[in-house]
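Fit chains R, G and E to the supplied structure of chain H, relying on the hints for placement.
Going down the list, the sequences are from chains H, R, G and E.
Okay, so the first sequence: first residue is 1 according to this note's numbering, each after it adds one.
Okay, so the second sequence: first residue is 1 according to this note's numbering, each after it adds one.
Okay, so the third sequence: first residue is 1 according to this note's numbering, each after it adds one.
Okay, so the fourth sequence: first residue is 1 according to this note's numbering, each after it adds one.
These aren't lab readings, by the way, just hints derived from the structure by calculation.
Where hints are given, some of them may not hold.
One copy or any two copies: either way a pair holds, since identical chains are not told apart in the list.
Stated by the list, open to error - Restricting the straight-line Cα-Cα distance to at most 25 Å, the calculated cross-link-like pairs of lysine-lysine (DSS-like) are:
id	residue 1	residue 2
1	K4	K87
2	K72	K91
3	K98	K72
4	K103	K72
Here the structure is a predicted model, which means the values were calculated and not measured.
There are 4 protein chains.
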Amino acid sequence: MITKETIRRVLQFTEDRDWDQFHSPANLAKSISIEANELLECFQWSDDDYDIEDVKEELADVMVYCIDMLDKLSLDADEIINVKMAKNEAKYPIEKSKGKSTKYDKL
Amino acid sequence: MITKETIRRVLQFTEDRDWDQFHSPANLAKSISIEANELLECFQWSDDDYDIEDVKEELADVMVYCIDMLDKLSLDADEIINVKMAKNEAKYPIEKSKGKSTKYDKL
Amino acid sequence: MITKETIRRVLQFTEDRDWDQFHSPANLAKSISIEANELLECFQWSDDDYDIEDVKEELADVMVYCIDMLDKLSLDADEIINVKMAKNEAKYPIEKSKGKSTKYDKL
Amino acid sequence: MITKETIRRVLQFTEDRDWDQFHSPANLAKSISIEANELLECFQWSDDDYDIEDVKEELADVMVYCIDMLDKLSLDADEIINVKMAKNEAKYPIEKSKGKSTKYDKL
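Chain H extracted, bound-state conformation (with noise of 0.2 Å):
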């Protein structure tokens, strides 16, 4: 999915420019919140006519502030996924939840 090289290439590009600076976690949460909007903003008016070039884009940009800020706090992207992916599991029992979009805390 996402190279070793890819990665570097991210945290290359923010070395280069010295901008470790700037990349607080609290930062990085906010850059994420950020860009995930310039993605909404894709579908703002429309669920269905998006620019595609656009969502590829903006999407590119939430993922390299999470590679970011994986980087800075020292997390591996596969264990924080798991370890998540074992609580929802939990939470939204598939006999409960199949087909339904309700929460856990109303199913």
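Relative to chain H, chains R, G and E alone:
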């Protein structure tokens, strides 16, 4: 970073619950923004005094929905990130942007 | 704070452009989030070094879409704020929450 | 729309709890985004099947933080909205934008 098994687990979770019907690109964009803001909430009142366990969960949630969106739109994470990084490298030349958080259109 | 003339101007702007068709409650919720993140962008890399003119514009945009949503759903701002403030006052008793940013469920 | 008494109640709530220390403009911007996304969550999986009581609460929360920010920065809501509406009216001439959700830079 993220293994094929993990991606399969994320996608299987949706398939097992028959939730693909809810996963329109627009709904996934909303979901990425919503989870990004739960991540942001970890830093709402302080930049430094955050709960790392909460951060791990919320960052994982953001990435899970990114994986869903990539799958939904048949996009390759590595490809779209590299295309975007090439643009970023061009927009932010090292000599001009080093040590500065100035946005490219004001450089 | 906000006069009736101003509200009328905001609603007239939409009517003149025949944009009511785009202003579903869901689209307005997306718009409020998108504008809130343009506001957040003013503080992306620094808490203190912001452009007050940008802040004024983006905060205005958030409020404009709030006015649109209130109108769309025939809600009264004063009423819903007072109902919510009564809840907040009960959730955050002064003696328990004074000087602390702790969320009510952890008080 | 929003009476002086309501604004006073919102500001008194903060003062009584000695929370002004947490209400930097940056933290309020984060808070507006966070609440905007709780509002967005009402429409996460469906545009039409929303809980109006939840919508009222979350929209109120967005406006409460807007009131806090206006106060913090000594801004007048009416003034900044009117300044922004004048810009919007110029950016979106009726004849060009009528019935179209196209962004001004692509009109």
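Hint check:
| no. | hint | in the structure |
| --- | --- | --- |
| 1 | K4 to K87 | between (28 Å within a copy, 19 Å between copies) |
| 2 | K72 to K91 | between (29 Å within a copy, 23 Å between copies) |
| 3 | K98 to K72 | between (37 Å within a copy, 19 Å between copies) |
| 4 | K103 to K72 | between (31 Å within a copy, 22 Å between copies) |
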